[in-house]
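J.: Now for the letters of each chain:
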Amino acid sequence: MTSTALDAAAARYLADATLGNPIRDMNPLILLGCIAATAAIGVAAPGWIIPLAAGAVFVLVGFLGGKGRSYLMTFLKLWAGVGLILFVLRALLTRGGRVLVPLGPISVTTAGIDAGLRFATVVMAICAAATLFFALVPMRHLMLALEHIGVSPRVSYVLLASFQSIADLGATARVVLDAQKARGIETEGSPLVRVRAFFPVLAPVFLSAMSATEERAIALDARAFNREGAHTSLVRLRRTRPWEWGALTLLVLAAVAAVIGGVLGWF
Amino acid sequence: MVLATLRDVRFTYAYSERPALDGLSLEWEEGKVHGVVGLNASGKSTLCALVRGIIPHFHEGELTGQVQILGKDLQDWDPAELSTAIGCVFDNPFTQISGIRETVFEEIALGLENLGVPRDEIIERVRRVVEQLGIERLVDKNPNGLSGGQRQKVAFASIIAMDADVVVIDEPTSQLDPESSEEVFEIIHGLKDRGKSIVLVEHKIDLLAAYADTVTVMHGGRAAMSGPTREVLGSAELRSYGVRPPEVAELAGLLQEDGRGIGIMPMTRDEAAHAVASRIEEVSRAH
Amino acid sequence: MPIELRGAGFAYPDGTVAVGSVDLRIEDGERVAIVGQNGAGKTTTVKMMNGLLRPTAGEVLVDGVRTADRTTAETARVVGYVFQNPDDQLFASDVRSEIEYLPRYLKWPEHKREERIARAVDLAGIQDHLDTNPKDLPTAVRKFVAIAAILVSDCRYVILDEPTAGLDSNGLDQLTRMLDRLQAEGVSVVTITHDMRFVVDTFSRVVAMADGGVIADGPRDVVFCDDDVLRRSRIRRLETAQLAKDLGLSDDAVTVDDVVRVIP
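As they're listed, the protein sequences go chains F, L and S. Under the UniProt record's numbering, residues 1 to 267 are what the first sequence spells out, in order. Under the UniProt record's numbering, residues 1 to 287 are what the second sequence spells out, in order. Under the UniProt record's numbering, residues 1 to 264 are what the third sequence spells out, in order.
Because the hints were derived from the structure by calculation, they are not lab data. A few of these clues could be false.
If you want a taste of the chain F side facing chain L, the calculated C-beta under 8 Å gives, among others [what the hints assert, rightly or not]:
{"no.": "1", "residue": "118"}
{"no.": "2", "residue": "148"}
{"no.": "3", "residue": "152"}
{"no.": "4", "residue": "219"}
{"no.": "5", "residue": "221"}
Covered stretches of chain L, as calculated for chain F (at least 3 residues, CB under 8 Å) [claimed, not checked]:
{"no.": "6", "stretch": "122-128"}
{"no.": "7", "stretch": "158-170"}
{"no.": "8", "stretch": "174-188"}
{"no.": "9", "stretch": "273-283"}
In this text, a Cβ means the ideal position worked out from N, Cα and C, and glycines have one as well.
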């Protein structure tokens, strides 16, 4: 009855890795290039409309990649948490232009609004690019792509393990929190109660992370991790499609043009 | 060939004052299942670490005496080579998982990838151990979210898949139910049939009695007893090292004390059943 | 007052049912072993007993109060639960502070604190390790430290999850002595274990679980003779009892002594 799960898994690994979406199945490094080039266009072009448009493009790509809803939420949270503050600070602190709202020494001026919009949209374009990439690409696929171009499996292991340990800490914290509750230590309720419960949780989380490190190292060694020579990979990334190269080429050309244009003052 | 020869081995961990191994001598042949029993802290896990080369390559400390693994001095082995020649599963199932793989299937494949096994063969070999251990339902699960028993099976599967000629296993069934424990022992038996050598630390003495060829009783850092399973586990000396005899041997002992001895020191239920059956026959014939 | 599970079930948010519907009553001073295959729902069931999991169906009452109406910590002061993995539970830098933590947290007067600590240390047999960092102790001893950290409380019920994993014969003896003393004090102990010899030697009431439900609950001598229950919960008779059955000597022998008696 259960061998179907095994058959399905075996068949899945036998085929090229797919996340069931053409954008997410792009070669991670090419996708990275495309996103970086789009962000570069936003940064190199003057004013705030193009960087804002770059952000909009990222949201669109997020939806095309099937991660639209969660990515849009991240994107809006970024704007609400970081973008708005950057905008307000810049807008208030920049002088010049027509005064719109006089506020004593720090007035809101047209130049301030312009500068604020520019600064906030540019920073947001960069943040949105980074978050989009990690929303679309599993770390494992990125590491595989890096290994393909010659990055050592050790480096990719360290990166993967660091990401995993963050997730692990969360999971361990929940388990330990339960253990404290099971001992009669109150962890629910007022902030004071939570603070009192904090230390008993924190200590075992770090202790177990530390003691696990050595045993993990030995466990990995037992998996031939330290063996010299070529490694293979169970997961095979799909071959890069010509359109991916095309998209990358176009975007990089556009980005180069935008940068050169910016330097030569075309805009 | 000889799997391991230890002569008067002493080892003290760098952080400790008391030696963990203290005059340990033993010899293990290849192609057999070698059971190791004894109280906690009697040196069982240290012995495993030594045979697998984790001592002295990973754990620091003072090592004296002679240790030969597969005919070569332990100090002369290249650590990476030894780690692939001898597979090893440790007792804490919570740290035997790599932590970087998102599915059990990929977790089991990790060692094979590092060995450079071609993809098609990796998939075939993972399939085989998954079926052997009956963990089909786990293949798509995240290894980091498994229970202790499930992790123990996955860790075991990951090492078995690598197909090393020697496997050192420290308490592979501590978190498993009776049926799963027996399955693990069946697999170990299958490995032996394929010519592998196994070193097995295990508290479940009934299973060990049925499957091990030799048993070594560790006590205070040395091998208090070491030899063929029946000789060791049937010995009256056994209890003085804190090891309980197998239940069937206990039964034979009790019958013997009562003047109703069954003539042999059984190690398996089958052996005991035969002996008891022939005794019953004798008794009924005498009537 | 007992622990009562009335049609108690638990399903995870994703809909996976861990325990269907369990009726179980643990009386004061009782000693109960819960057995069954990995994944049968044993841990989920005991976590419902001390409020770590709140039932998603039915109800669990401790001393007549629904666990859903209290915080976990409140329930846990009556029903202590020792985790399977001691590392998930221990946090102090030495054993003494570990055990003192709860008494200090609850601000007990000194004489009560000293008395409870001395009792817990003695019950768990960890006198020699009070100044050691739990991290540096072998797993078996860490397990006893975790037990002591629970026993120091005033709980009248103690749940042990796989206490025998990795224990040697000395550890088993210590555990058995502890169970006997707790019983004499009127403290109930519920134990999850895979070690059938430990069950047969130490428990008179056995609850067998399979597929998220209780399939048998009764005296050891009854549960261990019910072939259907044994098969469904994937547990085994002890070796010699099985031998007696195979030879047609006895269907209801359970211990080695039972078997000695039936052999002519």
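J.: Compare the structure with each hint and give your call.
T.: Against the structure, the hints:
Look at residue 118 of chain F: its Cβ only gets to about 41 Å from chain L, farther than 8 Å, so that hint breaks. Annotation: interface hint on residue 148 of chain F violated; nearest CB of chain L at approximately 14 Å, more than 8 Å. Interface restraint check for residue 152 of chain F: the shortest CB-CB distance to chain L comes to about 12 Å, outside 8 Å, so the restraint is violated. With a cut of 8 Å, the hint placing residue 219 of chain F at the interface with chain L holds, because the nearest CB-to-CB distance is about 5 Å.
Taking 8 Å as the C-beta contact cut-off toward chain L, the hint placing residue 221 of chain F at the interface holds, the least distance being around 5 Å. Figure legend: the stretch 122-128 of chain L, annotated as covered by chain F; annotation consistent (4 residues with Cβ-Cβ distances under 8 Å, at least 3 required). Using a Cβ-Cβ cut-off of 8 Å, 3 residues of the stretch 158-170 of chain L lie near chain F, which meets the minimum of three, so the contact claim holds. Counting residues of the stretch 174-188 of chain L whose CB falls under 8 Å from any CB of chain F gives 0; the rule of at least 3 is not met.
Chain F is given as covering the stretch 273-283 of chain L, and this is violated because 0 residues of the stretch bring a CB closer than 8 Å to a CB of that chain, at least three being needed.
Violated hints, listed in ascending order, are 1, 2, 3, 8 and 9; each of the other numbered hints is respected by the structure.
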